[in-house]
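Assemble the complex: chain A is given as a structure, and chain B must be docked to it using the hints.
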Amino acid sequence: MKIIEEGQGELVGWYDPDEHRRWVAKNKSRELKDKRIDPKKAVGKYIKDGDFIASGGFGHIRVSMALIYEIVRQGIKELTMAGKTAVHDSDILIGAGCVNRVEVAYTFGHELRGLSPASRRAVESGECEVVAEISNAAYQWRFLAGAMGVPFIPSRVLLGTDTFKHSSAKKVEDPYSKRPVCIVPSCNPDVAMIHVHRCDKYGNAQIDGIAVEDIQLARAARRLIITTEEIIDDEIIREKPWRTAIPFYHVDAVVEVPYGSHPCEMPYLYFFDEEHIAEWLRSSKTPEGTEKYFEKYIFGVKDHDEYIELVGGSDNIQKLHEIENYERPMSAPWLRGD
Amino acid sequence: MEYAEEYTATELLACVASHLLENGKTFFVGTGLPMIACMLAQRTHAPDSLIIFEAGGIGPKIPALPISVGDSRTFHKAVSASTMHDVMSAAQSGYIDYGFLGAAQLDPYGNINTTVIGEHRRPKARLPGSGGANDIGSLCWNTIVLMRQDKRRFVEKLDFLTTPGYLNGPGEREKAGLPENTGPYRVITQLGVYGFHEESKRLTLLERYPGVTLQDIKEHSGFEIVIPEHHNVSAPPTIDEQRILHEIDPEGMVLKK
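Order-wise, the sequence lines are chains A and B.
Here the working numbering is used: the first residue of the first sequence is 1, the next is one more, and so on.
Here the working numbering is used: the first residue of the second sequence is 1, the next is one more, and so on.
Bound-form chain A, shown alone (with noise of 0.2 Å):
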């Protein structure tokens, strides 16, 4: 195949097919075995100083909150993060200091809510390194190659652009049509942690609603931790098997955490903690501020149960399930000019 271009981004969580088979060979286990395991044990034996980490689901909606904070309370440092749409994950993890180092699809912003103050402050300086460029369609594609166990997934995406130039795709001829094509190399993280709405003990799970990119990331990774909003019975599970988006294979730990992606939305379960979101961005405009919304939220608190009361426990939780749900209308600081 001519090589016409090449990105010069970092590669990142790119592995010879071959030297990945052999890692899961040794060290994926195939038995169907009791995987519960708390938050505090899960990060500290899943994640490591300088590892590259993933974070399921897409910008606020169904994200592992509870191991981001986990995180930042253990203080692992180093990790290079995949930017795919990766919003308050990232932007609280860059602010604490613990991701040094991002792949880019979509980093550094709230959307509608506006830009992250503390993760634009870590890049702007120079504390955080945009290590390579990408789009998301090609950043969900180089998770579908390294779930499939081959090198690199051919595409039309980044062509003829500086997005392009700073990833780590090449243009490449294709042997058939014989024009140029992008071709994204695979990804297999070191650690996804992906949350969902229910799964069994063995780590079978199943989400509703958008799956996003989770089916492709989840079998890309090399180390999964599911968070879940709860444990069923894998009599459950069986009942419908259709329903199972992760199978328990790729699943290295299950952690039950209720409420574990506030103030993230979780759908059907609970919207998006606007007024606690609007808190963050507030505080995270200083690095006082930032430390100070850590003390309170991060550190102050034991586990993610002691945090949800924090934020308001039960009665804040009905109120989220109501908007939700239609039954109540949302309100968010950044609609009433706050």
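Hints in this document: simulated from the structure, not taken from any laboratory.
Heads up, some of the hints might be wrong.
Here are the computed lysine-lysine pairs in the BS3-like style, where the Cα-Cα straight-line distance is at most 30 Å [as the list claims (entries may be wrong)]: (1) Lys218(B) - Lys256(B); (2) Lys240(A) - Lys77(B); (3) Lys170(A) - Lys201(A); (4) Lys157(B) - Lys165(A); (5) Lys285(A) - Lys77(B); (6) Lys319(A) - Lys256(B).
Quick list of simulated restraints, FRET-style, between CB atoms [to be verified]: (7) Glu19(A) - Glu219(B): 58 to 68 Å; (8) Glu219(B) - Val150(A): 23 to 33 Å; (9) Lys178(A) - Tyr95(B): 22 to 32 Å; (10) Pro175(A) - Tyr95(B): 50 to 60 Å.
Away from chain B, derived, C-beta distances all over 10 Å, residues of chain A [as the list claims (entries may be wrong)]: (11) Glu6; (12) Val24; (13) Gly109; (14) Ser155; (15) Val157.
C-beta atoms are modelled at their ideal positions from N, C-alpha and C, and glycine is treated no differently.
Just chain B now, with coordinates in the frame of chain A:
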């Protein structure tokens, strides 16, 4: 048809954008103004159109304006709650007619920057990056850019080319390997509507808004816009359109911004 006597620039923009959308087509949309424009088109002249979101929502019955292109409003009573792989593949296979983009900077060929202002390594301002923009701009048959126009945003040379327009001119997209017959279709700003010159592929004025002069158009651009002798003045929103817009966004999430 009865026109509204008073209206805001945002209302006009939403109406102008909705008029571009044909019935029976697919729209790949973002949140905010594009969302409102598509919903308005669906409720007026384009009832048989399909709204698709990049995170996987396909054909929802949208009960309230989504905040994010992935929140549960984007797949409420949808025909499918799918994956990004699925909808991006649909775009790559030619199923998506219109895609919407925003931009921090735009050049004369409709190329877009949403990545950095200044140097990439040590940016003056770091912006979110491509997100789905590069994909939409590469793969949809027609892309429509909605943005504010001024000298800092309409620039001769981008700080960073995030999403392809016509690159360096005619034939360049195909040469780069992008799908044939795709590219920017319209640019809509607070002053008017632009297309691209058939031969040069440079930004060309099609319509200016009521009360906007050619001088205004020129003063709000850092590059020379092609201004044909014959161009139109946009119609103001109709009273019906204005009413529907406020039914779609009763809280003013987008209309009051």
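Against the structure, the hints:
1. Between Lys218(B) and Lys256(B), the direct Cα distance comes to roughly 27 Å. Compliance with the 30 Å bound is thereby established for this hinted pair.
2. Taken as a hint, the Lys240(A) and Lys77(B) pair is honoured in the structure, with Cα atoms around 21 Å apart against an allowance of 30 Å.
3. Restraint check for Lys170(A) and Lys201(A): not satisfied, since their Cα atoms lie roughly 41 Å apart, outside the 30 Å limit.
4. A C-alpha spacing of about 17 Å is found between Lys157(B) and Lys165(A), which places the hinted pair at or below 30 Å, so the restraint holds.
5. A C-alpha spacing of about 38 Å is found between Lys285(A) and Lys77(B), which places the hinted pair above 30 Å, so the restraint is violated.
6. Proposed proximity of Lys319(A) and Lys256(B) is supported: the alpha carbons are some 25 Å apart, at most 30 Å.
7. One distance hint, 58 to 68 Å for the beta-carbon pair Glu19(A) and Glu219(B), holds here, with the actual separation near 59 Å.
8. Range check, Glu219(B) to Val150(A): Cβ separation about 53 Å, and the 23 to 33 Å hint is violated.
9. Taking 22 to 32 Å as the suggested C-beta distance range, the pair Lys178(A) and Tyr95(B) conforms, at roughly 25 Å.
10. Distance hint for Pro175(A) and Tyr95(B): a CB-CB separation of about 26 Å, inconsistent with the stated range 50 to 60 Å.
11. No beta-carbon of chain B comes within 10 Å of the beta-carbon of Glu6(A); the shortest separation is about 14 Å.
12. Chain B leaves Val24(A) outside its interface by the beta-carbon criterion, the shortest separation being 21 Å against a cut-off of 10 Å.
13. Under the 10 Å C-beta cut-off, the non-interface status given to Gly109(A) relative to chain B is violated; the minimum distance is some 4 Å.
14. Chain B draws Ser155(A) into its interface by the beta-carbon criterion, the shortest separation being 7 Å against a cut-off of 10 Å.
15. Remark: the non-interface label on Val157(A) conflicts with the geometry, its nearest Cβ contact in chain B lying 5 Å away (cut-off 10 Å).
Of the hints listed earlier, those the structure fails to meet are numbers 3, 5, 8, 10, 13, 14, 15, in rising order.
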